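Trainee: Use these hints to put chains B, F and H with the ligands onto chain E, whose structure you have.
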Amino acid sequence: MAELDLSVRITDDLVLATPLMAASGTFGFGFEMEKVGGHAGYGALISKGTSVEPRVGNEPPRIAEVPAGMLNAIGLQNPGVEVVAGTYAPRWEEWEVPVVVNIVGDSVEDYVAVVERLESAPNVAGIELNISCPNVGAKGLMFGVDAGLAHAVTAAVRSATARPLIVKLTPNVTDLVSIAQAIVDAGADALSAVNTYVGMTLDLQSGKPVLANVTGGLSGPAIRPLALHAVYTVSRAVSVPVIASGGVMSGDDAVEFLLAGAVAVQVGTLNFLRPDAGRFVLQGIEAHMQRIGVRSVGEIRPAESQPSAQEAVR
Amino acid sequence: MAELDLSVRITDDLVLATPLMAASGTFGFGFEMEKVGGHAGYGALISKGTSVEPRVGNEPPRIAEVPAGMLNAIGLQNPGVEVVAGTYAPRWEEWEVPVVVNIVGDSVEDYVAVVERLESAPNVAGIELNISCPNVGAKGLMFGVDAGLAHAVTAAVRSATARPLIVKLTPNVTDLVSIAQAIVDAGADALSAVNTYVGMTLDLQSGKPVLANVTGGLSGPAIRPLALHAVYTVSRAVSVPVIASGGVMSGDDAVEFLLAGAVAVQVGTLNFLRPDAGRFVLQGIEAHMQRIGVRSVGEIRPAESQPSAQEAVR
Amino acid sequence: MSATATLSPGLLERGVVSLREEVMPGVWKLRLHSPRISALGRPGQFVHIQCAQAADPLLRRPFSFCDINPAAGTYDILFNVTGQGTAILAAAEAGQAFEALGPLGRPFTIPDHGTLLAVAGGLGVAPFPLVARFAAERGVRFRWLNGAYTANQLFPVDQLPGAVEARLATEDGSAGLRGRVTELVRAELQEATMIHACGPTPMLSALADILFDHGGSAPPCEMSLEAPMGCALGTCLGCVVPSTDGGYARVCVEGAVMDWRTVDWIRLAAMGELIHHRTPPSRVGADVKVGD
Amino acid sequence: MSATATLSPGLLERGVVSLREEVMPGVWKLRLHSPRISALGRPGQFVHIQCAQAADPLLRRPFSFCDINPAAGTYDILFNVTGQGTAILAAAEAGQAFEALGPLGRPFTIPDHGTLLAVAGGLGVAPFPLVARFAAERGVRFRWLNGAYTANQLFPVDQLPGAVEARLATEDGSAGLRGRVTELVRAELQEATMIHACGPTPMLSALADILFDHGGSAPPCEMSLEAPMGCALGTCLGCVVPSTDGGYARVCVEGAVMDWRTVDWIRLAAMGELIHHRTPPSRVGADVKVGD
Ligand SMILES: Cc1cc2nc3c(=O)[nH]c(=O)nc-3n(C[C@H](O)[C@H](O)[C@H](O)COP(=O)(O)OP(=O)(O)OC[C@H]3O[C@@H](n4cnc5c(N)ncnc54)[C@H](O)[C@@H]3O)c2cc1C
Ligand SMILES: Cc1cc2nc3c(=O)[nH]c(=O)nc-3n(C[C@H](O)[C@H](O)[C@H](O)COP(=O)(O)OP(=O)(O)OC[C@H]3O[C@@H](n4cnc5c(N)ncnc54)[C@H](O)[C@@H]3O)c2cc1C
Ligand SMILES: Cc1cc2nc3c(=O)[nH]c(=O)nc-3n(C[C@H](O)[C@H](O)[C@H](O)COP(=O)(O)O)c2cc1C
Ligand SMILES: Cc1cc2nc3c(=O)[nH]c(=O)nc-3n(C[C@H](O)[C@H](O)[C@H](O)COP(=O)(O)O)c2cc1C
Ligand code: FES
Ligand code: FES
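Chains as they are written, first to last, in this note's numbering: chain E, 1 to 314; chain B, 1 to 314; chain F, 1 to 292; chain H, 1 to 292.
A hint or two may mislead.
[To be verified] Below are the DMTMM-like pairs computed for lysine to aspartate or glutamate, each with C-alpha atoms no more than 25 Å apart in a straight line:
id, chain 1, residue 1, chain 2, residue 2
1, E, K35, E, E93
2, E, K208, H, E273
3, B, K208, E, E93
[Claimed, not checked] Cβ-Cβ distance ranges computed for the label pairs, FRET-style:
id, chain 1, residue 1, chain 2, residue 2, range
4, B, R301, H, A269, 25 to 33 Å
5, B, R301, F, A39, 32 to 40 Å
6, H, A39, E, G187, 51 to 59 Å
7, E, I292, F, G247, 46 to 54 Å
8, B, E96, F, T82, 38 to 46 Å
Derived by calculation from the structure, the hints in this document are not laboratory data.
Fair warning: this is a prediction, and the values are worked out from it, not measured in the lab.
Here a beta-carbon is modelled for each residue, glycine too, at the ideal position from N, C-alpha and C.
Bound conformation, chain E alone (with noise of 0.2 Å):
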């Protein structure tokens, strides 16, 4: 395997050692699964969405198991900007694996308040803007949902900071790409398709949903027909790296969204089914590069692509 070349570019400032980023939200601040060795396969951690205040979260239940997926609503639970540039960010110093920061908020605003504080934070090696989490109420959802807003937020974070900037795409849209259009060219370098899809479920005993936010987000195989449409679609419309978030339950997985467009992939929900994720899935794709004989993971690309029904539409 040695001789496998794994890396992927984001950015020139942003250069992975793998093509695996673990999924905000699924590897907390990083802490935890460093103690179990969960860091091994990944290119860079993506950190919990982090506000400018603390946020306690959401009531529980917060997750719910549907077929082949989960539902969350977590509500955006973090200790605040504050303590993520103060304490935690230094801690990252010794890790060998990047770290990027992913930011909430509830109004242009927060969001360059949060980017801002982060500012003089070493170890920072991104910022992965979330304007896509549907789980805190009104405004955390409308940036992702309107190519206006997504280019208004976008434009404003990418002016306060120059750090590799990602942004993470809502799949909830109808025009998925007009969005991501918009996103670019207020100055995004990376997109990351897709957040989860917004779900519910319900109790047949008490009749009432089972989260107490009433809806969650959509994770896990369930979504990945879904995220691999959004992948193919986007990263044909886009000049900039798509990352993949969405159902990736292994190494095949990832080069499925590899197939269909995608520079980079994160995972997510697996990380809660195995500690060992990241390796698992890398190990996965350097098993499928040595079936088809490449040495580069860049060279698992898209075959000249058909048009699909939905390109067609636009």
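Mentor: Just chains B, F and H with the ligands now, kept in the frame of chain E:
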């Protein structure tokens, strides 16, 4: 079981003996399933999508299995409204179960032409307007993702028939509620929520999409939490009955949709897994009614509702 | 009311595993006790088996009858492990039950005289033990052409019922002719009253070329086709192959056994591979016997 | 590079089923051979077991150590069938392997003198055989309060290691006090050096009320809590219960065993049931032993 009241009312002209409908495209035109006793348990059958002219459908592969679901891109293969109205409809005479005809088109004129031809056909219990099939190229999709177009085609069809008119929503939109409201304003008697979600899968050997059509519609249990959320939000926003569709595999799943706000429930992919799907699901509903001690299926309805994070946005 | 209607006899039945055997390396034979299906099954027909109870893998899996013993109320399927469904079946133990839909599809037409030429490539051997049994019962001569990559992938001739005249081909030359099974066909056409074929699509289409060359003089030929299936009942329209009428034929009801002239081989060739295998289950460890 | 890092010993290990036994009606004991986990496990800790290999059911299932035999390299779990995951475990046979994460969570603190009062309701009995074993080893007196709806749902006292002083309660009065186990507690508080409790949330909260009444004079009490879990490692924040600091505590790392004062019982009560069971597998027939 004899004393259980399973009937539900969609309109005064469309009262079903059971709350279950065979979903369009998963039951043909009812003939194959009649041979195997598959009508059992259904309060209505919905035909395969019917167009003005015959359609040969898409090239194979047309289906692909994915986690807890399947992708399909049949391409609306159907014999055309002439055969359906002239040959099939008369043969529905002897069936106890009413048949609703699902109609498709590439233009408002197409839809109206199909409905007009059906006007003279016997045994058509109602029309389900499919403005949401994601598999047919450009025009087929657009009606369902735009409130104005959805209103226009619904209004045109409404003025062409006095029969019960059900409009089937596509979930691949940002704001399902506003589209649903536009459709109700245009005179729809009921809404079906929802059709399939656009997805895809790729083949690791060839590196190409598995489906010849590239994309396909995701159905099966994987989409149930998403469909539940659609039914929950739409049923709270409109005055007409909402008919659920998405991932029903059991009586408990059907009950979950009734609790979410549906008046009736479509069973689709399960017909491929069990030719006795209708009876299987109905028996599950009856068992649940006996467990909780209700005599009328109409008593299975939403607990007084809590605001959903999604509704809050709108 | 309709809730009292019942399925046509035998269509849905639980089959209880009574035997599991590795017939060739990686090729398993599973025997299921399923009296109604076993009483009705004909050569070339298939069953649609539900492998899992949970939502993944979701769809049933189609398998041809390999052999049937109506007296014992059992039928056999022959398969190799290509993914999730067949992995579950290959791990099945005696006593375990799988629900199957069947018998489904059109059977092979068994001639009542003359010579039946059976052409099988790879796992296309699966339906032929039952075909051979029916041929033997009718006193029809059974010529067996079997091709594979290498010798140990050829179906053991002694496992075919009746008097079998076998001619073999292997691509590596380890048994019989070095080459493809279709190269054996031309020499046989004269004597054949009828041809039955089952195997990979390229093999079937090569056979179709040969038959086409012979035009009117070619014997009637039936082929068992494969396509991914949803319902296996004719409703989903998912299992189609292009037909000579310009449209599509459903493998589950117009087939799986079709007259070779029903298929539009030119359009089919243009479509490339219809069969795609899914990524196998990703999470190791659970629910497997140690050593597996 | 990091790809060579390894998991902390024992965290991820395949456990091979060596015994399956129905201890009480519908309550199963499964013994898994899993040397590393068995060497490290402590009373009140739990394992997170992967029940299925396919994508459904997706999540692992948490189970307390019921008992451990480090010498034999085995641990036991005790459970009843409430859905898909436990149904798979209850059908497991000797030789079958399940991958488990563990040992996880905070253990019970075993006092080194005096009297340990164990309060168990329903399946809350699960962790106590191991607690009793540790108490016996330290010569700590073990008072056993066990409540259930009816007699045959009480855990067989003879299956608890060491000298056990048992007091029982059943709601139907078929054994011991007619009523709830918590009604037995008050009389025991004086003698108790420490209390360990496990059971349904209403039972734990009734116990918390009693302890609250006794204020400073109440003995220290540790309770094992339940919440739906994703990771069981502290990262997903899915398993929380409201804590007295106004925020939330993670059952998987701040628990499962917590000081009773950590939990905000008023907020918790206001939240209603945290546990919701899923619709069991919907498709009958497949993958089950006949008779099951
Ligand atoms: C009429 C008919 C008869 C068949 N008879 C036999 C037989 O006797 N012996 C045998 O070994 N195989 C037979 N097959 C193929 C068999 O159905 C597949 O091997 C099986 O479905 C693979 O399932 P899997 O989960 O192991 O593979 P996966 O690759 O995981 O399956 C993924 C999906 O693709 C479908 N699929 C994969 N391969 C095929 C295929 N070759 N044909 C159709 N669908 C496929 C599966 O059904 C599933 O939906 C037959 C197919 C058909 C259509
Ligand atoms: C720390 C801890 C220790 C436990 N120890 C035991 C034990 O020793 N014996 C025992 O019988 N049970 C124990 N449980 C409960 C056990 O985890 C559930 O019975 C099991 O998860 C049910 O899975 P299922 O698929 O059969 O049920 P389903 O209802 O189908 O499960 C659906 C989902 O809900 C979750 N869930 C269901 N019930 C519970 C529950 N009570 N607690 C947490 N999650 C739940 C499942 O994990 C799954 O994600 C423990 C739970 C926790 C948190
Ligand atoms: C419990 C949980 C918490 C999450 N929290 C966040 C978050 O804080 N910010 C964010 O951008 N995405 C969050 N996500 C979304 C994931 O990062 C990922 O995009 C999504 O789960 C899909 O990938 P998966 O199917 O691999 O899990 C969360 C997902 C889960 C399951
Ligand atoms: C093979 C297939 C064909 C379908 N064809 C149609 C169609 O012609 N018209 C339509 O409105 N919906 C069609 N649908 C969508 C179903 O009617 C149903 O809304 C969808 O499959 C979700 O329900 P399910 O998860 O129960 O299958 C089709 C679905 C499948 C799987
Ligand atoms: S498999 Fe559904 S029509 Fe053939
Ligand atoms: S289960 Fe994930 S934090 Fe406790």
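Trainee: Should the hint that H:A39 and E:G187 are 51 to 59 Å apart at their CB atoms be regarded as holding?
Mentor: For E:G187 against H:A39, whose Cβ atoms are near 55 Å apart, the range 51 to 59 Å holds.
Trainee: Verify the proposed pairing of E:K35 with E:E93, using a straight-line Cα cut of 25 Å.
Mentor: Judged against 25 Å, a Cα distance of about 16 Å means the pair holds.
Trainee: Between E:K208 and H:E273, does the CA-CA distance stay at or below 25 Å?
Mentor: Cα-Cα ~11 Å, so holds.
Trainee: Would you mind confirming whether the straight-line C-alpha gap from B:K208 to E:E93 stays at or under 25 Å?
Mentor: violated (42 Å)
Trainee: Between B:R301 and F:A39, is the Cβ distance one that fits in 32 to 40 Å?
Mentor: With a Cβ separation near 47 Å, B:R301 and F:A39 fall outside 32 to 40 Å, so the hint is violated.
Trainee: Does 25 to 33 Å hold as the CB distance between B:R301 and H:A269, or does it fail?
Mentor: Since the Cβ atoms of B:R301 and H:A269 sit about 27 Å apart, the hinted range of 25 to 33 Å holds.
Trainee: Does the Cβ distance between B:E96 and F:T82 fall inside 38 to 46 Å?
Mentor: holds (43 Å)
Trainee: Using the beta carbons of E:I292 and F:G247, state whether their distance is inside 46 to 54 Å or not.
Mentor: Hint violated: Cβ distance 37 Å, outside 46 to 54 Å.
Hints 3, 5, 7 from the earlier list are contradicted by this structure; the remaining hints agree with it.
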